[in-house]
Structures are given as structure tokens and as C-alpha cells.
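A.B. asks: Sequence:
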Amino acid sequence: MTSDERPFQLRSVAVSVFLPTLLFSIGEGAIIPIIPAVAGNLGATLAVAGVISSLIMLGELVGDVPSGWIVSRIGERFAMMWAALLAVVGVATAAISPNPFVLAVGIFCIGLATAVFGLARHAFMTTYVPMRYRARALSSLGGVFRAGTFIGPFLAAGVIHLTGTSQAAFWVMVICCAGSAVTLLVLPDPAEMFGRPPSKRTADGEERTEGEELASEESSGLIASIRAHGAVLTRMGTTAALVGALRSCRAVLLPLWAVSIGVSETDTALIIGVVGAVEFALFYASGQVMDRWGRIWTAVPSMIGLGSGFIVLAFTHDLDEARVWFIAVALVLALSNGLGSGILMTLGSDLAPPDRPAPFLGAYRFLGDAGTAAAPLAMSGITAAASISLAAGTIGGVGLIGAFLLFRFIPRFIDRGTRPFP
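Here the sequence shown stands for residues 0 to 421, where the numbers follow numbering that gives the first Met the number 0.
Check the hints yourself; a few may be wrong.
Said to hold, decoys possible - Restraint-style ranges between C-beta atoms, simulated for each label pair:
#, residue 1, residue 2, range
1, Ala280, Arg72, 37 to 43 Å
2, Pro187, Thr44, 48 to 54 Å
3, Ala284, Ala327, 20 to 26 Å
4, Phe403, Ala230, 45 to 51 Å
5, Thr44, Gly396, 38 to 44 Å
These are computed hints drawn from the structure, not numbers from a lab. C-beta: ideal position from N, C-alpha, C; glycine also.
Could you put the whole structure together from the sequences, leaning on the hints where they help?
C.D. replies: Structure (C-alpha cells):
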């Protein structure tokens, strides 16, 4: 029986994938807004706090390399479970860290765990969700993730208010990731819930499901894929890196800016929570716009909004109304980022060769993650060398360059029907 012939109901993946994803993303949403404040309380400078916050993204980039091998060897479910447990170790380390170095180690481990967890859940959906349901399932998965990122900051704000210490918010993620691991552990075998998935024998004689094969292919042959698809990846991979750069800088810069202008940890978490709610409200509308009018109508306005928002923010640091401007710009950035929800995955799917998409998608994702990891580190360097305002302005300029490149290359490769592969 093929994957498309198996009986399937979308709600059947709610507990097996959506609930662990929701718990994991709630935990991440709880800690990301307060990492700079915790680093500052432990004695880190503003620039060092930015570097520590960036280590989640760097950990994800490093974790991209072994994650496919891990998923293909132990399976999607156990990979998610062990990734959640690694996240527990990392965040518990951060929660009890006595200095910025130990905090940095814990944050980096969380990034490693996030990479494995993310690929494993994608592979799980590929294995157990039939093709005709897959787009809806992945869209719902994206919505679940965004729901977690706006619930988490509100929980963090409550914990900080009750305990009086920002470091206590890390225990929210400890509980959430432990809950995610327990959920995956106590679930029955997915083959019993969904039916045994089709598998095929690989060249080395192993039996692998479709999702395990996808994970293995995405992480192998990275350099060969970049060489084979160099013309496309040089252009669209660069735009993916710039989109990832703007998004990761937003996640790092907003909490860092809040520390710089004196916003309390509780208020910072609440503001980030409201921002997350705005993004969550837009994730479905973004897909509708892309399908109806084309990818360019979300990608370009999203990058223009992000770039312009950072540039405006750069001129507000020393104003009397700096906090008001901070909230206003944070909302503009949320609207812009929400408008571009799903754009990287959609562009990657559009561009990938239909006969063997996984190696291309692995290379495409790696380039995007490289931008995601490198940009906050560069931003922290500019902050150390000059100021956080110059860092924000520089990021804004990069965003406008990204908007121009998307405007130029999307019509060439996608929206005019001139796909790079037949």
C-alpha cells in the first residue's frame, strides 16, 4: 500500500508531531527574549550578550551537518525524543550558569538540538503523511510552531514576575522539552497509529522510509549539490541567506535593544509575545497571497518592511520616546516577517528538481542557515566596534539589498514559469 493509499486523518498527527512541536517552540519562545538580559546579569557586555544570543542560530547551522545522519540511523521519532532531551541538558545548563561562558555552552546545545528536532519532524511528516495531505499538514505545523513562539514569552514574563529573576524563565523550556520527550516516548509505535510506511532498500542494503531517506539525502553531498546547481544557488541561495539574516537579526536585536534602552525583562517578554501573536495571525494569509498572486508579492514587501524597520529603529535609540518607538518598530517588523511566512520553504520547493529534490533542498537550507547564523555575529561585532544603532542601520541596508535581489530573481526563476529544472 502506498503512502497516498493509506487511510489518514490530519488530526492523527496532532499528538505525535504537533504537540511535541508546540511544547518545544513554547520553550524556545520563552527563552529567546531574555537571553541578552541573562547574559548582562552575568557580566557580559552588550556585544557579548549579542554573540551569546546568536549561538542558537550557530548551533543550528552546525547541527545541520549530522542531523540527517542521525535521523536516518535511529528514525524520526527517536531523533525528536533525543533532541528534546539534549535541549533539556542545554537549557538546564543555561539556567544554572554562573558566568557568560557556561551560558554560551548551554545556548549552543539548544541550537544543536533544534536542528535535529526540526529535520526529524519534517522527515516524520514525509514518512507518515500522504502526499495529498502533506501541504496542509506542513502549513498546520508552521502555525503550531508560531503559536508556541508567542505563548512562550508570556509564560516567561509570568515566571520572571513571580520569581524576580530572568534566569528562572529557562525552566519553562526545561519543562516543555521534557514534556515533549515524554510525549514521544509514551506514544505507541507510529506504524501502529498510521500503518507501516513504505520503505526501500538503499545502495548499502539498509531499509529506509521515505522520511529517513530524505533526511539522509539532505545532509549528504552538500558540496556536490552546490556545484551541480551553482547557477541557481548562487542567486536564490544568496537571497535565502539574506532573508535568514534579517529574521535572525530581528530575533537577536529586539531583546538586545530592549536591554540597551532599559526595558525590564518582564516587559521585554510581553512585547515579544505580542509581536509573536501578530506573526501568528498572518501565517495563513501569507500562503494565500503567494498562491494567488505569486511569491514576489510576499517576499519583496516582507524584506522592504524588515529593512525599513531596522533603519528607522537605528535613529530612535537616544530619543525620549525610545521605548514607544521600540514597540512601534517591533510591530512593523512582526507584520513584515509575518507577511513572509513560509517563503523560504516555498521557494526551495519551487526551485528543487522534481526527480531528486532532497540534495538541492539540503544545500539551499544550508545557505539560508549560514546567513541566519552569520548575521547576528556580524551585528554583535558592529555593536562592539561602533554602536547598536549602526548595527541596526547596517542590517536594514542589507534587507533592502535582499528585497532588490528577490525582485530581480523571483520573476526569472519562479513566477514567470521559468523554473530552473523541468
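A.B. asks: Please go over all the hints and tell whether each is borne out by the structure.
C.D. replies: These are the hints, each one checked on the structure:
{"no.": "1", "hint": "Ala280 / Arg72: 37 to 43 Å", "verdict": "holds (39 Å)"}
{"no.": "2", "hint": "Pro187 / Thr44: 48 to 54 Å", "verdict": "holds (50 Å)"}
{"no.": "3", "hint": "Ala284 / Ala327: 20 to 26 Å", "verdict": "holds (21 Å)"}
{"no.": "4", "hint": "Phe403 / Ala230: 45 to 51 Å", "verdict": "violated (19 Å)"}
{"no.": "5", "hint": "Thr44 / Gly396: 38 to 44 Å", "verdict": "violated (24 Å)"}
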